[in-house]
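*Asks:* Chains as they are written, first to last, in this note's numbering: chain A, 2 to 265; chain B, 58 to 349.
Some hints could be false.
Stated by the list, open to error - Computed list of lysine-lysine pairs in PhoX-like fashion (alpha-carbon distance at most 25 Å, straight line):
(1) B:162 to A:160
(2) B:250 to B:295
(3) B:295 to B:308
(4) B:259 to B:184
(5) A:6 to B:308
(6) B:295 to B:257
(7) B:295 to B:253
(8) A:160 to B:119
(9) A:263 to B:184
(10) B:259 to B:128
(11) B:184 to B:162
If you're looking for bench data, these hints aren't it; they were derived computationally from the structure.
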Amino acid sequence: MKKKKSKNFIIGATITGIMLILVMIGCIWTPYDPEAMDVNLKLSGVSLSHIMGCDNFGRDIFSRVLKGSGTTLFVAVGTVFIGSFFGIVIGAFTGYYGGILDEILMRINDALFAFPSILLGLVFISLLGSGKYNVIVALGIAFIPSFARIVRSEFIRCKNMDYVRSAKLAGAGDLRIMFVHILPNTMNVMLSSIMIGFNNAVLAEAGMSYLGIGVQPPDASLGRMLSEAQSYLFSAPGYAIFPGVVLILMVLGFSLLAEGVKEN
Amino acid sequence: MLDIIDLNIEFHDHLVPETVVYDFDLHMEQGEIVGLVGESGSGKSMTALAIAGLLSRRDMQKRGQIIFEGKELLTCPRNELRMIQGNQIAMVFQEPMTSLNPVYKVGWQVEESLRIHHPEMSKEERKEKAIKTLQDVELDEAERVYNSYPHQLSGGMRQRVMIAAAMICEPKLLIADEPTTALDVTIQAQIVKLLKRINKEKKTSILFISHDLSLIRQLCQRVVVMQGGYIVESGSVKQIFETPQQEYTKKLIGAIPKCEKKVVTKKANTQEKTADTQDKTVAGKGGAQYGE
């Protein structure tokens, strides 16, 4: 049964694919050392040798964008991994067993949910200190509640299905029922929420780096580059435009992909 | 083999406890087919779920005893119950559309109880056994069915797959909870025949739950009639159908369109019996619904 993929899915997959290829190239090769400074090239515009120009220290922006999107993506992947892993475990147990455990965990969840995730991230960062890995942990924790809630509702929907009952009757244990029989059935919903979570993580990381509490220099990150570029908006507009466009494309690609997954 | 003594089932999830099954008694021998009849909400499915051990232990209070081969199922520890489930007691549900997991291949699901109860079997042995069981339930192209997903099969095929999944460990007791309700008449007859054959060949006892008396009459040796949580009457098929004692049973039997038509036509005129009655019989069988 081959279904035709939707337009959103195709466009989203193309954009995301190109971004991923660029990021992978950036991991192994960049045209210039992203941290090498050259005073002579300070804030120079677009040219053949520097296709996106140079920043205020004379570093090649294209190289820094490649490296920076790699960092951003890495943080986003880590965040979504932590968020979805713990979200799935918590959601599975609360949804499947219900009862008092469910009440307690879900009320804590509600309390966490009441804060915007970036604000929550800020709180954790101020407790843990800044840096790439701390950002992952902080954002990951902030992302757990939304995943937990989605998984829980899916588990509640599935646990009274006849196929779960027949699995139980076949003698399957609770853990086996939860993670072998029910979990794959939630994948459809999970996939699209993971994609959306990915978007939010990219934006949250960029936001935090922009505020100066995320990735620390000299590591390149898209948000960091944007915040550095704002003082040179008029003298070197390319410095702000290129990282911004890459950020937009990254988020756009994932949103379209999420939309496409939902439609398929 | 199976003895149920004074089973009471109470729900405790509301403020006022609600009893759905009162003083249920049943004795089943190895190789026997017992029918459980009653209208919707008479507690027959609840009884079946209790025997299968599928009622949650929290919101529900169960009194009485369910003794299966000398083991008390209501109070035995969870892991012992799991050893019996699937291995010695299996169940087929009413709705073949939802009783198979949509994300796994049929073969995987048929093998599930083997994987749990016979972990020593290799992958090839399991597959061989699954395909053999699928052939046993009269599925043609068992190999193809083994490799397809539930949505690629028809309702009747799915119900056969469910029976195969239930029978793969060769349980001693098969509980069939209205297995034919969601199927059309011709498939119903085939499934009933299949259950009969399984009972004969494997000596599996079958507890057949239905609201369709005509099916019960074809299949079962004994019948238990339930209403509102109580057993109204029980006895052999012959006894119940020929000399029903209770008013409710008489009404139930009176509601079988097939029987009525036959009696009428026999008495009236024997010549007009042929095509006309056959039509009516088929229509009556399909639409047999009681207890509005």
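*Asks:* Each hint needs a verdict: does it hold in this structure or not?
*Replies:* Checked hints:
1. Of the pairs offered as hints, the one joining residue 162 of chain B and residue 160 of chain A holds, with about 19 Å between alpha carbons and a cut-off of 25 Å not exceeded.
2. Taking the CA atoms of residue 250 of chain B and residue 295 of chain B, the gap is about 19 Å. The hint holds against a cut of 25 Å.
3. Of the pairs offered as hints, the one joining residue 295 of chain B and residue 308 of chain B holds, with about 16 Å between alpha carbons and a cut-off of 25 Å not exceeded.
4. A C-alpha spacing of about 20 Å is found between residue 259 of chain B and residue 184 of chain B, which places the hinted pair at or below 25 Å, so the restraint holds.
5. A distance of roughly 57 Å separates the Cα atoms of residue 6 of chain A and residue 308 of chain B; the hinted pair therefore is violated under the 25 Å criterion.
6. With a C-alpha separation of about 20 Å, the suggested pairing of residue 295 of chain B with residue 257 of chain B holds against the 25 Å cut-off.
7. Straight-line distance between C-alpha atoms of residue 295 of chain B and residue 253 of chain B comes to about 18 Å, which keeps the hinted pair within the 25 Å bound.
8. Of the supplied pair hints, the one linking residue 160 of chain A and residue 119 of chain B holds, its CA atoms being roughly 22 Å apart against a limit of 25 Å.
9. Distance check on the hinted pair: residue 263 of chain A and residue 184 of chain B sit about 35 Å apart at the alpha-carbon level, beyond 25 Å; violated.
10. Annotation: proposed proximity of residue 259 of chain B to residue 128 of chain B holds, straight-line Cα distance about 22 Å (limit 25 Å).
11. Proximity of residue 184 of chain B to residue 162 of chain B is assessed by CA-CA distance (about 12 Å); at most 25 Å being required, the pair is judged to hold.
In this structure, the hints that do not hold are numbers 5, 9, in rising order.
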